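J.: Here's the letter readout for the chains.
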Amino acid sequence: MPLVKQGRLTTDLFVHVTDGAELPGDGAVLVTAERFLADPEALLRRAGKVGVIWPNNRNLDDLVPHLGRLASVALVFPTFRDGRAYSQARLLRERYGYDGELRATGQILRDQFVFMTRAGFDAFEVKKDADADAFAQTMKRYSVFYQPTGDGRVTALNRRMQLRHSESAGQ
Amino acid sequence: MYAYDELDRTLINERVSEFRDQVKRRLSGELTEDEFKILRLQNGVYLQLHAYMFRVAIPYGTLSSKQLRRLAHVARRYDRGYGHFTTRQNIQFNWIKLAELPDALADLAEVGIHAMQTSGNNMRNVTSDQWAGVAPGEIEDPRIWSEIIRQHTTLHPEFSFLPRKFKIAITAAEHDRAAIKIHDIGLRLHKNADGETGFEVLVGGGLGRTPFIAKTIKPFVSGRDILSYIEAILRVYNQYGRRDNIYKARIKILVHELGIEKFAKEVEEEWKAMGDVGLTLDHTAIEEVRSRFSYPAYEKLPHMPDELKQAAHDKLFERWRKNSVSAHKVQGYSIVTLSLKPVGGPPGDATAEQMDAVADLADKYSFGEIRVGHEQNLALPHVAKRDLPVLFKALDRLGLATPNVNLVTDIIACPGLDYCSLANARSIPIAQELTRRFANHDTADLIGRLHINISGCINACGHHHVGHIGILGVEKNGEEFYQITIGGRADENAQLGTLIGPAVPYAEVADVIEDIVEAYLALRDRPEELFVDTVKRLGVEPIRERVYATR
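So the sequences go chain by chain: H and B.
Residue 1 is where the first sequence starts when you use UniProt numbering, and the numbers rise one by one after that.
Residue 1 is where the second sequence starts when you use UniProt numbering, and the numbers rise one by one after that.
Treat the hints with care, as some may be off.
[As the list claims (entries may be wrong)] Looking from chain H toward chain B, a few residues come up when the C-beta cut is under 7 Å (computed):
hint, residue
1, ASP111
2, LYS140
3, VAL144
4, MET161
[To be verified] Straight-line Cα separation of at most 25 Å, BS3-like style, residue types lysine-lysine; simulated pairs:
hint, chain 1, residue 1, chain 2, residue 2
5, B, LYS37, H, LYS140
6, B, LYS393, B, LYS66
7, B, LYS37, H, LYS127
8, B, LYS24, H, LYS127
No lab work stands behind these hints: they were computed from the structure.
Small disclaimer: the values here were computed from a predicted structure and weren't measured.
The beta carbon of each residue, even a glycine, is placed where N, CA and C say it ideally should be.
All chains, please: the whole structure from these sequences, using the hints.
T.: Shown next, in the form of structure tokens:
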């Protein structure tokens, strides 16, 4: 599965570890929420980064206390029509101030890249190679945005008001 | 009229090129039909019985003559020469070829029209009163707010993959022409005790197989906070709305399952927790949008011009005027409704020639502006009264002066089994037959205001639950049957209709409706008592007895 991170195809340093499987001695791992919550301290003591795969139907409350020590949070799109993780992403970034890797997993197509980036994702496990290759190009698709989100892009309304302000200042 | 600026234009052009890429990837096989389905639905493209159907948004029902001409062009160039106006201020084309869709979209984008989010599980076209800005006694023009919300909901990064579709409607008049109580969010503009403009927010209305009338979640949300409040509702819905069953995924089910108090509490908590996230609309921001709306330079005209006095002896004109012409907030002007319900015709259809001609008439008599209402009729919102006689003649020649607005033959109907892959039964032929049964306009006048709504299946696109008479097509052993309800309404006193008796076969529907109307005429206590008021006063039983006595 190609991983796009910070706009580029990258080698995935994280290993997905399934619930029953043994943890590698070191190296970065992504574990399920259940496994993580069963003994967070043990996992965090390990040499190697820890990321958690958080299901889209689980409240974020149990995750929030650990955010500062996590290297990655992976949110899940079981199908790309299931948009719950967009809300989770915005809450993690904008309300809880999470600034580590925020990874989109599941059915990820190029058609979601702009939405996901705006919601705060910065890493994408992309389903198709062609979509991963098209990441940079796809991100240039839109230059106008109507809604303010935590990504800091200036909204159409703010641009209009800035324009109006500079016009009246120039008179 | 709202005038697009460079940013609005850029965005819809960017959307057109994105969709062009999606169609290209589908045609090359890079996207599966399953993947493409979601993407095309985000842009108003359905696969129907015979072809792709393409739904184009007419936000809050306002069109310029230039835009209407472009819709005529799309009908002519890419379709079969006509379009169908829907109950949510959209127009549908039924015979579009997939490969040509990006070009049709590009043609529309040139005049500021798009098809973004006219289907799919996202925030749909924001609808409003078709008389917005011209209706007497309005709080203020609700289109300002509709446009603010239209922009905010367009390509929203968090709410483009909701559990199910999501519809918002806004009214600012005492009489609700936008049917806000059957929407996911209904907004009623009003002023609070301090004279501040804001909204009563209703939530959880909707029809379909589990109909609900919307409930008030907050009696007053100030205009400056409306976006953040809507965002809070949507965030609760996006996270907790059901996704396990498509028929239980609308917000109405969440509201019903939690109860309105609990749901309101969840929203309130989310809203408080949001803090300042840049959604507060200050005065400058609202004025920025308001400034992009232009209004006609009305003349100072007499209340009763000579032309109108002279035309008063023309019976046909007078009948049409009394039926289709309504009061305007400016003296000397009128709002004229153009009936798209000719006797024997499919409700809501207009040919390319009619669209072009209406655009010309709008230029001549209505400051170039046209409106589209949820009743599937058009309106010219600013007609000088002196022009009414000549406008009548022109409309009559076009077949757009049927004097049946709000009468028994002003039927709302979905496309039904003639077009739709979801339908169980035909809707249009039932509507056509009823318009023939009640073709005599004197009879229709005598009956008075009476809304008949027809849906070809339980999805209720024809809003049958809220028709004064509602007709729902169902399938029984491979045959088309119809359930009939009475007493529904979609206005400020919105109510669901009550089933009057067993379903009847296709061939008997018109007879039953005639019997219902006859029963009403016999039972009403005076000619002014409307059908729906008689049902309210007497209940269903006396009408049922009369209609089903001999069946």
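J.: When the nearest CB of chain B is found for LYS140(H), is that gap smaller than 7 Å?
T.: At about 10 Å, which exceeds the 7 Å cut-off, the nearest Cβ of chain B leaves the hint on LYS140(H) violated.
J.: Would you settle whether the hint for ASP111(H) is holds or violated, based on the nearest Cβ-Cβ distance to chain B being less than 7 Å?
T.: holds (6 Å)
J.: Is the Cα-Cα distance between LYS37(B) and LYS127(H) 25 Å or less?
T.: holds (17 Å)
J.: Would you check the hint for LYS393(B) and LYS66(B), treating anything up to 25 Å between C-alpha atoms as holding?
T.: holds (23 Å)
J.: For the restraint on MET161(H), tell me whether the closest CB of chain B is nearer than 7 Å.
T.: holds (6 Å)
J.: Against the 25 Å threshold, does the CA-CA distance of LYS24(B) and LYS127(H) hold or violate the hint?
T.: Satisfied, since the Cα-Cα distance of roughly 19 Å is no more than 25 Å.
J.: Is the interface hint for VAL144(H) satisfied, with its Cβ closer than 7 Å to some Cβ of chain B?
T.: holds (4 Å)
J.: Taken at face value, is the distance from the CA of LYS140(H) to the CA of LYS37(B) at most 25 Å?
T.: At roughly 24 Å apart (the allowed maximum being 25 Å), LYS140(H) and LYS37(B) satisfy the hint.
In this structure, the one hint that does not hold is number 2.
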